[in-house]
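*Asks:* This is what each chain is made of:
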Amino acid sequence: MILEVRELTKAFGGLKAIEEVNFKVRQGSIVSIIGPNGAGKTTLFNCLTGILPSTKGRILFEGKEITYWKPHAITAKGIARTFQNIRIFAAMTVLENVMIGQHSRSKEGLFTAVMGTTTFRKEEETIKSKAFEYLEFAGISGYADVLADNLPYGCQKRLEIARALATEPRLLLLDEPAAGMNPQETLELMELIRRIRGWGKTVIIIEHDMKVVMGISDWIIVLDHGVKIAEGTPNEIQNNPDVIEAYLGKEEVF
Amino acid sequence: MLTKGLPFYTILLPNLLKFNAMFFQQIINGLTVGGVYALIALGYTLVYGILELINFAHGEIYMIGAYLGIIFLGIFTAAGLTEYSLLLSLVLTFIMSTLVCSAYGFTVEKLAYKPLRNAPRLNPLISAIGVSIFLQNYVMLTQGATDKVFPHVIPVTIIEFSNVTMTTLQLFIIIVSLLLMAGLHLFIMKTKTGKAMRAVAQDKIMASLLGINIDRIISVTFIIGSGLAAVAGLMVAMYYGLVNYSIGYLVGIKAFTAAVLGGIGSVPGAMIGGLVLGLIESLGAGYLSSEYKDAYAFIILIIILLVKPTGLLGKSEGPRP
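Heads up: the protein sequence lines correspond to chains Y and H, in order.
Heads up: the first sequence begins at 7 in the working numbering, then just goes up one per residue.
Heads up: the second sequence begins at 677 in the working numbering, then just goes up one per residue.
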């Protein structure tokens, strides 16, 4: 188990955005978290990555407790994420964006940088060529020197994934990666996610597009009003009455 | 003073005729003070870029830099180092003042701003004004309320071409300012820490998720800004020869104006803003009236805020895309 979440609760004042959520994620799997708007999916990601402090419960990554760690420490430990809305560094080039992702993986010290030593230049070259590899992996290496702000939308989403990969995570969290994509781009995205898993990485995605969810997930977790109401394989979830109710209302509808 | 009782515009015309030599003279004077303004303005703009905080205590850091220069040079002189090698003692004075000043900046951030990181924006601003008042009084109590004289140890030679004169000290100030600005630019654009600073300025949360330690970057920002202010303070102390506990106020506000002029948050903006402000001030002093010298900065500030509040190179603050 790469990730274990035990009785995780996050409350905003009296409102419990997630409540006593338990789940485990198997190494090397693709897990989808689904649920209606306001189910607490993004809040869960925020807790997992340390952006929001959890109110209660425990988060174990590779058996180690990371519940109250700071975001940069969690990233260094091996969890990366993207956001629902695009959060690239618009004023930097595409390549620079990815180079930033390697921040915690490079050893470049202030001293070597200021002195401009050969160690610094070598390190700089390694970072650059690695960053380029991630761009190639995401299929946007042709845009390396373009200002990130000028990229087309679909490529900006890919850039976010490339940048997240540059932190060398073992667990990647993607928040609605297919949002705003056309069917062709969505297919390419699913392919990209499969290739990421093929790299030995574990992927958790939040997604509304059921074609994506059913198409690539090994396991699905369903949240509703901050509570986990079901989990299982795509097949099990599709036929689960609780899930159908959460999405479509009471049974009378049918 | 002939011009004293006359209306403002009557002094304008005859002065405009004295072009040439005076013009270049004022350019040199302007670049000298402008370089100093730019160094201090960088401290404002760096901190604003990352924390969206106007660090009103920054002028005081500059003032402390000037005092530290006098103290360290005094120590080195007493120890006989200045007699042995003037250059060495000056270099050490610069290094020590910069280091101690950076420590001041670092401490101010940790004690006065960090605890208020998540408070409403007005709170750290008020805290900054508090720090400013505290530091002024702290220096007044420990160093006295009277002017301190910077030791006259540096031989000043006058360089002269045609009718324009320039002291070696002015040349030194201009060169050091430009070198530090170039160095800072390279640091921000090329190094890992510099890139991280740019990332934090654009999106703190995303930066932290990419493994950047935000607290560390904020500390680095304060250390760099304070170090630049220390060098500026030391150079001004050498230039004018006098230091007082209250010098940080006016220079601080002028440098802040320079940062706003260039576009607060923009590093090249602060550099250009500082130099432009210095030039406007000294050209204004030369051609209009030197009595209004300190007013020009504020006239500029008012005009900028009315006409182009984002400054020369600043971007408009839209919603995050």
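Keep in mind that the hints were calculated from the coordinates and are not lab data.
There may be inaccurate statements among the hints.
Distance condition first, Cα-Cα at most 16 angstroms in a straight line; then the derived EDC-like pairs of lysine to aspartate or glutamate [stated by the list, open to error]:
| # | chain 1 | residue 1 | chain 2 | residue 2 |
| --- | --- | --- | --- | --- |
| 1 | Y | 134 | Y | 155 |
| 2 | Y | 76 | H | 891 |
| 3 | H | 969 | Y | 129 |
| 4 | H | 866 | Y | 68 |
With the Cβ distance kept under 8 angstroms, some of the chain H side facing chain Y (calculated, not the full set) [stated by the list, open to error]:
| # | residue |
| --- | --- |
| 5 | 829 |
| 6 | 879 |
| 7 | 884 |
| 8 | 889 |
| 9 | 917 |
| 10 | 918 |
Ideal placement from N, C-alpha and C gives every residue a C-beta, glycine not left out.
*Asks:* Would you mind marking each hint as holding or not holding in the structure?
*Replies:* Here is how each hint holds up against the structure:
{"no.": "1", "hint": "134(Y) / 155(Y)", "in the structure": "violated (20 angstroms)"}
{"no.": "2", "hint": "76(Y) / 891(H)", "in the structure": "holds (11 angstroms)"}
{"no.": "3", "hint": "969(H) / 129(Y)", "in the structure": "violated (50 angstroms)"}
{"no.": "4", "hint": "866(H) / 68(Y)", "in the structure": "violated (35 angstroms)"}
{"no.": "5", "hint": "829", "in the structure": "violated (29 angstroms)"}
{"no.": "6", "hint": "879", "in the structure": "holds (6 angstroms)"}
{"no.": "7", "hint": "884", "in the structure": "holds (4 angstroms)"}
{"no.": "8", "hint": "889", "in the structure": "holds (5 angstroms)"}
{"no.": "9", "hint": "917", "in the structure": "violated (32 angstroms)"}
{"no.": "10", "hint": "918", "in the structure": "violated (34 angstroms)"}
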